[in-house]
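Enquirer: Chains as they are written, first to last, in numbering that gives the first Met the number 0: chain B, 0 to 197; chain P, 0 to 502.
Be a bit skeptical, because a hint or two may be false.
Unchecked claim - Ranges between beta-carbon positions, derived for each pair:
1) B:E82 / P:L321: 26 to 32 angstroms
2) B:E52 / P:R433: 23 to 29 angstroms
3) P:S311 / B:G127: 27 to 33 angstroms
4) P:H500 / B:D56: 46 to 52 angstroms
5) B:D103 / P:L339: 34 to 40 angstroms
6) P:E294 / B:E133: 56 to 62 angstroms
7) B:D165 / P:G493: 45 to 51 angstroms
8) P:G256 / B:E82: 57 to 63 angstroms
9) P:T445 / B:G127: 43 to 49 angstroms
10) B:D60 / P:T391: 23 to 29 angstroms
11) B:G119 / P:E486: 44 to 50 angstroms
12) B:G119 / P:D389: 43 to 49 angstroms
Please keep in mind that the hints were generated in silico from the structure rather than gathered at the bench.
Here a beta-carbon is modelled for each residue, glycine too, at the ideal position from N, C-alpha and C.
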Amino acid sequence: MESRTHDDTDTAATTDTDDRPVVLAVDDEPRVVEAFALWLEDDYQVLTATSGEEALDVADDSVDVALLDRQMPGTTGDEVLEELRARGLDCRVAMVTGVDPDLDIVEMPFEEYVQKPVDGDTLDDVVGRLLDLEQYDDSVDDLYAVVQKRVTLEAELPESALEDDDEYQRLRERERDLQDETRAVIDDLDDDEFARLF
Amino acid sequence: MAASGPSDDRSVPDLDALAQDAEFFRSLVDNGSDAIVTIDEHSTIRYANQAVERVFGYAPEDLVGEKLTSIMPERFSAAHFDAVDRYLDTGDRQLDWSNIELPAEHADGHEIPLSITFEEHVHEGDRVFSGIMRDISDRKSYEETLESLQDTARALMEARTRTDIGECAVAAAVDVIGFPLASLYRHDDASGVLRPVAQSDDAADIFDEAPTLADGTLALQAFRTGDPMEYHEGDDRDVPVHRPDGPVAAEYAVPLGDYGVLLVANTDAANFDDHTKHLVRILAANTEAALARAEREAERERQNERLERFASIVSHDLRDPLQSARATTALAKAGDETALDDLETIFDRMEELVEDVLTLAKQGQAVGETEAVSLEAVADDAWSTAGTDDATLDVDADLPTLQADGERLRTVLENLFRNAVEHGGDAVTVTLRRTDDGFSVADDGTGFDDVDPEQLFDYGYTTSEDGTGFGLSIVRDVVTAHGWTIEASESAAGGARFDVHLR
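Bound conformation, chain B alone (with noise of 0.2 angstroms):
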């Protein structure tokens, strides 16, 4: 499949002139990214790949948020994310896969991991909450990471092997680290912010 830009008018013609955020999905299945695209498209100018390897044509700077497979042949998604840091660039990822968190996600510099299977609504959120990130201090971005890493793990694995596992540890470390150093940022927004974020 053709990575394109779903868009109900010509792709070329509105690229410059078309301000809205740009989503980049990347999925091995054809109809999870058209899905994806069709659910997306009416707020945010869609990019798609089938393969971690299209995904890395296709991504450049323009893209605000990825939406990342972490399960696909040849490069994975895991691969994919890895790449996009090393590029440089500066887009919001969530993981979007079928695979159970495991503590190596600790490492991984994403900002939310959604389980499948997503529909339209939850997508659009998850979009729409990375998108808001974008406004604010970088430590704010990191501390979003990390909580949401420390609840996606929670919300997985026993207590107790979270308990003794050194990188659970780090994590709440780095989460407490954040938050003093956020404190100025979080205290500027206002309610309805912080509980979109938090």
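Place chain P on chain B using the hints.
Expert: For chain P alone, kept in the frame of chain B given last:
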């Protein structure tokens, strides 16, 4: 007993008269087997009987006139004098005076564990103290051995694998009970012989490679009868011996329930006394308990792993098709008509997954009753469901009969055949051959290409669009449950080949 015995005319010496005879008591005390030593208030030995020679290595006359502390370990000396002084002053006894266990010092310097009873009496106006001392070395060493065996029992309970347990038991037989030759054998139910699990260093030196014990060995007979068996060189009973001309002169085999046998042996023809045999049986009982426990642990771990796998299968392998279904439904609603057809494919795939997960749940359990099964008959059955019209099954004329669970074996073949058809195409030719140690299933398809052989049998691993990735996992589980192994390689025709090894 004289009263109840038949009347007899011999005159029985009157006990009262004996009691008057000092010579009788002198003889009794002098010749008793317990050492008797009498000291005065200054701890000087005034009397020692004959038995002191056997117990302490001194002639009685050499001890008389010496201090009692000369047959005591140095470290008790001061305490002894204090205790005697205090007793003489106050009448307080530091120690219980009857059957107290204390070590003494032999003339050659080694310590002898004693059980001592003290008596106080007055002789010709002097207060004297007599100790009746029994050498309890044998009992002590037996107790110590029992205690060490308890440590061994704890170590056995902590050992996790059969090999660890075997090595722990063998080490105890050598170090604690004292047999240089010791080994642990497990019973191989499939072939009916005993196979070595662990053996002592000396045994390894004698036998190079530990032998497999078959019919005609003491160990196998002990295993079959469930009773310990014993052999001595020159034994005229009809006892089976592994190597009658070998260096082993005495052997004792204790069965370990259904697991195998603990075998101890010696190159000396020394007899096994009852104590020693008892110790070996205690060790064997502890070993058997440890093996049973390790097996239960391993089974529980397998169950847990299986549970975890199911959790992950359900969450991972059903989440993806669920996402596809949800996506496809959304597209169909938006007007994409071909999406509805896709939906059916997705549902088929999910159904297949559910069935595979169920099969996996059933197959994962231990095999049921095994019986002699014709491989050819099972292959025919399996082909009737897994084969296709254009595909060919080529079967050896002399396929073996296997000891197997027929239903499970059928699943193995079905999955291997299905794998061949899936990857080799409809017109694939599948060959089922007898091999030296089992059978092989090969095809002339495209082979494994760049498939990682390590991953081949993993849960959920597939390179095919419509495979669930559980077929070969099921094969491996069933094969393992039979105690067999499976191996994948490239077939002569460049396709896939699976070898099932029965041993």
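Enquirer: At the C-beta level, are E294 of chain P and E133 of chain B separated by a distance inside 56 to 62 angstroms?
Expert: holds (58 angstroms)
Enquirer: Can you let me know if the beta-carbon spacing of T445 of chain P and G127 of chain B is within 43 to 49 angstroms?
Expert: holds (47 angstroms)
Enquirer: Quick check on a hinted range of 43 to 49 angstroms for G119 of chain B and D389 of chain P, using CB atoms only.
Expert: holds (44 angstroms)
Enquirer: Could one say that the CB atoms of G256 of chain P and E82 of chain B fall in the range 57 to 63 angstroms?
Expert: About 59 angstroms separates the Cβ atoms of G256 of chain P and E82 of chain B, which means 57 to 63 angstroms holds.
Enquirer: Indicate whether the distance between the beta carbons of G119 of chain B and E486 of chain P respects the range 44 to 50 angstroms.
Expert: Once the Cβ atoms are compared, 48 angstroms apart, the range 44 to 50 angstroms for E486 of chain P and G119 of chain B holds.
Enquirer: Honestly, do D165 of chain B and G493 of chain P meet the 45 to 51 angstroms range at C-beta?
Expert: holds (48 angstroms)
Enquirer: Do the beta carbons of S311 of chain P and G127 of chain B sit within 27 to 33 angstroms of each other?
Expert: With Cβ atoms ~31 angstroms apart, the hint holds.
Enquirer: With 46 to 52 angstroms as the target window, see if H500 of chain P and D56 of chain B comply at their CB atoms.
Expert: Taking Cβ atoms as reference, H500 of chain P and D56 of chain B lie about 47 angstroms apart, which means the hint holds.
Enquirer: Is 34 to 40 angstroms respected by the C-beta to C-beta distance linking D103 of chain B and L339 of chain P?
Expert: With Cβ atoms ~38 angstroms apart, the hint holds.
Enquirer: Falls inside 26 to 32 angstroms, the C-beta gap from E82 of chain B to L321 of chain P?
Expert: holds (28 angstroms)
Enquirer: Just tell me: holds or violated, for the beta carbon distance of D60 of chain B and T391 of chain P against 23 to 29 angstroms?
Expert: violated (57 angstroms)
Enquirer: Please test the hint of 23 to 29 angstroms on the beta carbon pair from E52 of chain B and R433 of chain P.
Expert: For R433 of chain P against E52 of chain B, whose Cβ atoms are near 46 angstroms apart, the range 23 to 29 angstroms is violated.
Consistency with the previously given hints fails for numbers 2, 10, ordered from lowest to highest.
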